[in-house]
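With the hints as constraints, model all of the structure from the sequences given.
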Amino acid sequence: MPLLYPLVLSAALFGIGLYGVLARRNAVLMLLGVELMLNAVNLNLVAFDAWFADQLHTGQVLTLFTITLAAAEIGLGLAIVLALFRAVRTVDVDGVDR
Amino acid sequence: MSATEIVFLLFAALAVGSALLAMTTKQLVHSALWLVATLGAVAGCFVLMTAEFVAWVQVLVYVGSVVVLVIFALMLTRQQSTISAEVTGNRWTAAVLGLVAAVGLGATVISGFHGERIEGHRIGSAKSIGDALFSDWVLPFEILSGVLLAALIGAIVISRSGTER
Numbered sequence: 343m344p345l346l347y348p349l350v351l352s353a354a355l356f357g358i359g360l361y362g363v364l365a366r367r368n369a370v371l372m373l374l375g376v377e378l379m380l381n382a383v384n385l386n387l388v389a390f391d392a393w394f395a396d397q398l399h400t401g402q403v404l405t406l407f408t409i410t411l412a413a414a415e416i417g418l419g420l421a422i423v424l425a426l427f428r429a430v431r432t433v434d435v436d437g438v439d440r
Numbered sequence: 171m172s173a174t175e176i177v178f179l180l181f182a183a184l185a186v187g188s189a190l191l192a193m194t195t196k197q198l199v200h201s202a203l204w205l206v207a208t209l210g211a212v213a214g215c216f217v218l219m220t221a222e223f224v225a226w227v228q229v230l231v232y233v234g235s236v237v238v239l240v241i242f243a244l245m246l247t248r249q250q251s252t253i254s255a256e257v258t259g260n261r262w263t264a265a266v267l268g269l270v271a272a273v274g275l276g277a278t279v280i281s282g283f284h285g286e287r288i289e290g291h292r293i294g295s296a297k298s299i300g301d302a303l304f305s306d307w308v309l310p311f312e313i314l315s316g317v318l319l320a321a322l323i324g325a326i327v328i329s330r331s332g333t334e335r
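First to last, the sequence lines map onto chains A and W. For the first sequence, the residue numbers in my numbering are 343 to 440. For the second sequence, the residue numbers in my numbering are 171 to 335.
Listed below are several chain A residues computed to face chain W (Cβ distance under 10 Å; list not exhaustive):
#1 Leu351
#2 Gly375
#3 Ala421
Stretch by stretch, here's where chain W covers chain A in the computed footprint (C-beta under 8 Å, at least three residues):
#4 385 to 391
#5 398 to 405
I should point out that these hints are in silico values taken from the structure, not numbers from a laboratory. Using N, Cα and C, we set each Cβ at its ideal position, and we do this for glycine too.
Quick look at the structure:
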């Protein structure tokens, strides 16, 4: 398989995730965009691991670490969003700074 | 073009299409469900790139728990008056920035790795990943467990702090 297939897919997913983070008003859906960007990075790591084929399995082990960090990030992020919702009764990121 | 490449391109099209829908649909819960399709397609791509253990971790952690967590959060933060427009005013700026990022990254990887091929000799099975994880990567692994514990405690503290007031 050409190495470019996963790399270009990853670039496309990263761009879509960036759009989601910047354009969504709902804070929970903003976090979904961040997850999509992290997944694009995972795709890159796995593709370069399969291409480079080193003894340490660096890319795939780092992918596992990224998945763990993404889980920690979404847990903490949703806790912050829920605290925000309790404080101002909205998750609209434009409405928070009133 | 081999069968692997055709299946990969199908998964890639599914991932990009459902990601676009997830980021643009006006229905909140549909957005989370389209993200399931995206993450599942990416897991399929992982399998095709010989990373089968990472693919199952992706299915378990992302599709299994992260999306369920997001759906819970969406239901808990359901508002009386729905937000009129689901996108902010700087939607077009965001679209241009996303497009610039995707095209820039795509052009970089195309110019840098044109013609390289993935041969797929080393399969990332659970055994080989486990060997690597617990021989060469033990210290980062342990530090990561500390990070997870800190995130867990932080999430609990943040969730409880609002209820006392």
